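A.B. asks: As a plain string of letters, each chain reads:
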Amino acid sequence: MSEVQLYHRKAIQALNLANDAEIHGFSEESKSNFQVAFDFERRAAYMLVSNIDAEPTRSVLFRSAATLAKRLGQFEEARRLIYQGLAGNPFHETVTELQDLLNDVNFEIAIKNSPASSFDSGYIDHLRNIAINLKIEPKDNRYSKAIALDYIIDFLKNIQKSYKNYFEVNYRKTYPIHGPEDKYERILTLAKQEAKTFCVDLQFQSFGVSISADIGMINLNDVFVRDFAGFKKKLFNDFKEEVLLSDLSSENFQYKMAEKYSPEEQSEIFTPIVDSLKEKSSYSVSLTDIGFRKEVRKYTPLTRETEMYYKGYTEKIPSKPEDVVLRRNVELVKGTKKLTITSENLDQATFKWPMSNQVVSESGQILYIIHSYEVLIFFEKKQFYINDDFFQIYLNNPDYDKIKISFIKELIDKFDTLSNNTDRSLDETELFERMKQNLIKGW
Amino acid sequence: MITLVLEDLKTTIDLFSSTQCDFLSENCIVALETKNHCTGCVLHVSGDVTLGFSLNWNKPVKINGYKEPKKYTEKGAEAISFFLTSHFTGFKVIEEAVIKTGPERTGIDYWLGYSEDHEDYDADNFMRARLEVSGILEETPSNTVKSRAAGKKRQVFPTDKTGLPAFISIVEFSSPKAYFGKK
Numbered sequence: 001m002s003e004v005q006l007y008h009r010k011a012i013q014a015l016n017l018a019n020d021a022e023i024h025g026f027s028e029e030s031k032s033n034f035q036v037a038f039d040f041e042r043r044a045a046y047m048l049v050s051n052i053d054a055e056p057t058r059s060v061l062f063r064s065a066a067t068l069a070k071r072l073g074q075f076e077e078a079r080r081l082i083y084q085g086l087a088g089n090p091f092h093e094t095v096t097e098l099q100d101l102l103n104d105v106n107f108e109i110a111i112k113n114s115p116a117s118s119f120d121s122g123y124i125d126h127l128r129n130i131a132i133n134l135k136i137e138p139k140d141n142r143y144s145k146a147i148a149l150d151y152i153i154d155f156l157k158n159i160q161k162s163y164k165n166y167f168e169v170n171y172r173k174t175y176p177i178h179g180p181e182d183k184y185e186r187i188l189t190l191a192k193q194e195a196k197t198f199c200v201d202l203q204f205q206s207f208g209v210s211i212s213a214d215i216g217m218i219n220l221n222d223v224f225v226r227d228f229a230g231f232k233k234k235l236f237n238d239f240k241e242e243v244l245l246s247d248l249s250s251e252n253f254q255y256k257m258a259e260k261y262s263p264e265e266q267s268e269i270f271t272p273i274v275d276s277l278k279e280k281s282s283y284s285v286s287l288t289d290i291g292f293r294k295e296v297r298k299y300t301p302l303t304r305e306t307e308m309y310y311k312g313y314t315e316k317i318p319s320k321p322e323d324v325v326l327r328r329n330v331e332l333v334k335g336t337k338k339l340t341i342t343s344e345n346l347d348q349a350t351f352k353w354p355m356s357n358q359v360v361s362e363s364g365q366i367l368y369i370i371h372s373y374e375v376l377i378f379f380e381k382k383q384f385y386i387n388d389d390f391f392q393i394y395l396n397n398p399d400y401d402k403i404k405i406s407f408i409k410e411l412i413d414k415f416d417t418l419s420n421n422t423d424r425s426l427d428e429t430e431l432f433e434r435m436k437q438n439l440i441k442g443w
Numbered sequence: 444m445i446t447l448v449l450e451d452l453k454t455t456i457d458l459f460s461s462t463q464c465d466f467l468s469e470n471c472i473v474a475l476e477t478k479n480h481c482t483g484c485v486l487h488v489s490g491d492v493t494l495g496f497s498l499n500w501n502k503p504v505k506i507n508g509y510k511e512p513k514k515y516t517e518k519g520a521e522a523i524s525f526f527l528t529s530h531f532t533g534f535k536v537i538e539e540a541v542i543k544t545g546p547e548r549t550g551i552d553y554w555l556g557y558s559e560d561h562e563d564y565d566a567d568n569f570m571r572a573r574l575e576v577s578g579i580l581e582e583t584p585s586n587t588v589k590s591r592a593a594g595k596k597r598q599v600f601p602t603d604k605t606g607l608p609a610f611i612s613i614v615e616f617s618s619p620k621a622y623f624g625k626k
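Residue numbers (this note's numbering), protein chains in the order written: chain W, 1 to 443; chain X, 444 to 626.
For reference, chain W alone in the conformation it holds in the complex (with noise of 0.2 angstroms):
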């Protein structure tokens, strides 16, 4: 065993006895093991620091020594075991984690700087700095272009309550339900005192806003929620990346929120944010620069059917294994006239798509298939999903059209590429003489 790994397991081990200790209330105990833990992997690192062929173990080290040093408040040196790690020649996956590392230390510093005596003003200032501006204009020009405070406050809810409902969901997730249900309940409603959001500055011209979160002052006790802290100062970051600058119509993001939110959890999310974005909200929305100068971006009015996209799924019905469809009943009541509304969303669904024996792709080109053949698609959570093993093709889409195009492009794809490539695994030769048997390329 060389003298690195020697380093590193005596700083496993020591990892091992402070986390021991912190789970115990030690926290003198855990604070020298957490030290001791530091020491060996520093050293173990810094072995490596002229090798930088190490790799990943070069970068993996540092990474972790970094780690130890901002768990014990060295953030400065944090930073430069980072930037040594980064200086080698580490794999991709382990520079992102370098990286978000050095956020995160750079972050803590910005905040330790800050004088004591102007606490108040260095947190304000840090809150700008992490601020997004938000500016809103009457879609109806009958004021010149003064808005109405019914307006201002309805946007400002909706982003508030869009902010709690992301706390609430994803501190669920974060924190999966342990022990007595109600003592869960009890602390999730004091952690959701702190999803606060601010305003940080204005302009009048028009109206235009500076959102922050409190992401630093903590009031709920670390003890009973395990890095609580951490979870909190990510999270408005996170907010601003997923609800208020992403792409709401775009199918690939609605694609990666089905994948980390079921629909009710979309539909708390995002609802009060759409209600602002519609196309029928009496208000547009721009995101600007700082100082509400340059429009950055103005964000598209969203089309009713993006709003259902997110709405669909609000009201909860029952359902038994054969029920696919969900299906909703508004009456409407105006004096003595009533009308009834029904609204249907499909829940689940398969559906059987029969290839013809000549398919072809965007592109032109004809595939011919020999032995007739059915697809499956797969109706689930707002997506179709094609789950073809004996093709090996696994796709989904929001949509049931663009899903047949896509399998289409991926067949010929496939077919075309272990067509060319002579060097072909157990399995794509497997995979490739299935194709010859079920396929003919038609160029």
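Careful: at least some of the hints might be erroneous.
Computed footprint of chain W on chain X, listed as stretches where at least three residues anywhere in the stretch have a Cβ under 8 angstroms from a Cβ of chain W [said to hold, decoys possible]:
no.: 1; region: 480-493
no.: 2; region: 568-576
no.: 3; region: 580-587
In silico EDC-like pairs for lysine to aspartate or glutamate, Cα to Cα no more than 20 angstroms straight-line [unchecked claim]:
no.: 4; chain 1: W; residue 1: K10; chain 2: X; residue 2: E559
no.: 5; chain 1: X; residue 1: K625; chain 2: W; residue 2: D389
no.: 6; chain 1: X; residue 1: K626; chain 2: W; residue 2: D201
no.: 7; chain 1: W; residue 1: K311; chain 2: W; residue 2: E265
Hint data in this document are derived by calculation from the structure and do not stem from the laboratory.
Fair warning: this is a prediction, and the values are worked out from it, not measured in the lab.
Glycine included, every Cβ here is placed at the ideal spot set by N, Cα and C.
Please build the complex by placing chain X on the supplied structure of chain W, with the hints as guidance.
C.D. replies: The following block gives chain X in isolation, referenced to the frame of chain W:
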């Protein structure tokens, strides 16, 4: 057919404590028995190689401590994945790689390395590849072993740097079956 005795995990993974290995084996037994399998059932493995393994165990497991399917599925998948790593690659499991925490975490990653008697063993560069483990208790139309494998393989980084050598292991306990292959 190759036989894997689940209780023998501790002899396959010599860098982990036998207590931890026994815990992983127990989780695996719970996941298999929950899906009504018994000793001698066959695990079908696809991916870089297609092969069947007979899964054997003798230990009676008291299931009262195993109430959370997600946990025993994940831990059970780790046990199977370690056996498969040992069988299909020249690597051995070195240690857990804590990369992500919170909601982004979709499974557990482990570092793999060569054993000291391997010709490519480098005492300094002892972590050589990553193992990405994922478990499914029972497939659904939208969550299958192969679609999850395809999803992991699709991850592309917008950089010209070479990717970290990695293996994907996805274990499903209802069939039971697994995918094991290079990323």
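A.B. asks: Tell me the hint numbers this structure goes against, listed in increasing order.
C.D. replies: Hint 6 alone not satisfied by this model.
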